[in-house]
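Protein chains: 2
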Amino acid sequence: MQKKAVILFSGGLDSTTCLAIAKDQGYLPYTLSCSYGQKHSFELETARKAAEYYNVKQHKVVSVTLDSLGGSALTDNAIDVPDFSESENIPDTYVPARNTVFLSIALGFAETIGATDIFLGINAVDYSGYPDCRPQFLQAFEDLANLATKKGVEGAKFKIHAPLLELNKADIIKMGMALGVDYSKTASCYRLDSQGRACGTCDSCHYRKLGFKEAGLADPTLYS
Amino acid sequence: MQKKAVILFSGGLDSTTCLAIAKDQGYLPYTLSCSYGQKHSFELETARKAAEYYNVKQHKVVSVTLDSLGGSALTDNAIDVPDFSESENIPDTYVPARNTVFLSIALGFAETIGATDIFLGINAVDYSGYPDCRPQFLQAFEDLANLATKKGVEGAKFKIHAPLLELNKADIIKMGMALGVDYSKTASCYRLDSQGRACGTCDSCHYRKLGFKEAGLADPTLYS
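Going down the list, the sequences are from chains B and Y. The first sequence stops at residue 224 when you use my numbering, and every number in between is there. The second sequence stops at residue 224 when you use my numbering, and every number in between is there.
Treat the hints with caution; some may be incorrect.
Which copy is meant is left open, because identical chains are indistinguishable; a pair holds if it fits in one copy or across any two.
Claimed, not checked - Here are the simulated lysine-lysine pairs, DSS-like style, with alpha carbons at most 30 Å apart:
hint: 1; residue 1: K159; residue 2: K3
hint: 2; residue 1: K49; residue 2: K3
hint: 3; residue 1: K23; residue 2: K213
hint: 4; residue 1: K150; residue 2: K209
hint: 5; residue 1: K39; residue 2: K150
hint: 6; residue 1: K39; residue 2: K57
hint: 7; residue 1: K185; residue 2: K23
hint: 8; residue 1: K174; residue 2: K159
hint: 9; residue 1: K157; residue 2: K23
hint: 10; residue 1: K49; residue 2: K213
hint: 11; residue 1: K57; residue 2: K3
Worth flagging that the hints you see were computed from the coordinates, not collected in a lab.
Could you build all of it, start to finish, from the sequences and the hints given here?
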């Protein structure tokens, strides 16, 4: 029987590449998108379409109202999404505990469908310095997952796969292209508008643009 | 300045005792209830009223649609909430990854308000054998919290407080009474009806009833 995997999926460049990798590794993909009050909620629509395009076994959307906590430019109307800057500081787009919440929900989904493999497209090279995108965070979550679950108690070993962790954006794009990813169907922008157009200047756009440039490939992104 | 704490709060016997303990220890309490598609959603109303009664600094409700994942008698209409049984197995009321999800949201809330202390009323004595109610789970979450957050990177140390972990229900009740908890204002039942009446026979009712009996105290619970 084909092994199931849960893929945290925003329909962006990274998670779509991640989905392609999971499929290439022979997993039966179950994509999971989180509606967390992100201002760029159009990404949920992109994710849904992309999940359909890639013919996943199931696409699940779980809502979690992290916007009610505030504290991030991505969810709090009182804080503007900033343009990319070279600062060493963790930017305002950091959402407190976001990846911990996402992975926890993915863990619940995985346990429900009988999967022990969870993929996420985080990256610790061309990234914004978020603490929950680091290898030691992932290892700690894996340890937690095995203690937190009925499956874990029964001896199953959960594995958190972050195949993009050590790659730069250009290499991610090249890998995805080799696997047949159509990046025109992905969206990464934090200010994505209601027609799916990217701003071109936020952190996420910055790294994506740079990736295509460094890979020497045409950028298929639709900019506003 | 009074130190802030987040208390995971269902308005039940355990979490209300936990709130009383946090207050007694001098913390400024911020209660957090999760609306996760539980069938006994009336507990959210009990929690709101109890938070008001105990005059907490802020009461926050975060929704997370765990019911869309299914797999638990507490959220899935296809699975009935069972009566208590002496079985060694983890019961159907187990919600995959629930405490991991709750603690993750609590971590996000804590980081947003500038708290590093999180209380939860889990218990590893008179309990249902849930894996995410064990000390090793809590330690793993604490390790994760420090790696997952901006605050953690900046050197803050998160502390997960589970003051009831090693107590039996009778001792929890006695401790709560000593701190002035009014248990008639708490509700623990998995089948709580829309008038806040308990079934008296589910796991949660079983342990609660036994607790009052063993403590030699009158049970103020409203049964249906």
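Exercise. Between copies, within a copy, both or neither: which fits K174 and K159 at Cα up to 30 Å?
Worked result: So K174 and K159 pass the 30 Å test inside one copy only (25 Å; across, 43 Å).
Exercise. When no copy is named, should K23 and K213 be tagged within, between, both, or neither for a Cα gap of at most 30 Å?
Worked result: within (27 Å within a copy, 56 Å between copies)
Problem set entry | Same-copy or cross-copy closeness of K150 to K209 [CA-CA at most 30 Å] | Classified as between: cross-chain Cα gap 26 Å, same-chain 43 Å, threshold 30 Å.
Problem set entry | Homo-oligomer pair classification [K213, K49; C-alpha up to 30 Å] | Cα proximity of K49 and K213: one copy only (26 Å, versus 57 Å across).
For this session: Evaluate K49 and K3 at a C-alpha cut-off of 30 Å and name the case that applies: within, between, both or neither.
Result: Classified as within; 24 Å inside a copy, 46 Å across copies.
For this session: Could you place K57 and K3 in one of the four classes (within, between, both, neither) given a Cα distance threshold of 30 Å?
Result: within (12 Å within a copy, 47 Å between copies)
Exercise. Given identical chains, is K157 near K23, meaning Cα to Cα at most 30 Å, within a copy, between copies, both, or neither?
Worked result: within (20 Å within a copy, 39 Å between copies)
Exercise. At most 30 Å between C-alpha atoms: does K39 with K57 qualify within a copy, between copies, both, or neither?
Worked result: Close inside one copy (28 Å) and across copies (28 Å); limit 30 Å.
Exercise. With identical chains treated as interchangeable, where does the CA-CA distance between K159 and K3 reach 30 Å or less: within a copy, between copies, both, or neither?
Worked result: within (13 Å within a copy, 37 Å between copies)
Exercise. Given identical chains, is K185 near K23, meaning Cα to Cα at most 30 Å, within a copy, between copies, both, or neither?
Worked result: within (17 Å within a copy, 52 Å between copies)
Exercise. Given identical chains, is K39 near K150, meaning Cα to Cα at most 30 Å, within a copy, between copies, both, or neither?
Worked result: Only across copies: K39 and K150 sit 21 Å apart there, 35 Å inside one copy, limit 30 Å.
Figure legend: structure checked against the earlier numbered hints; every hint is met.
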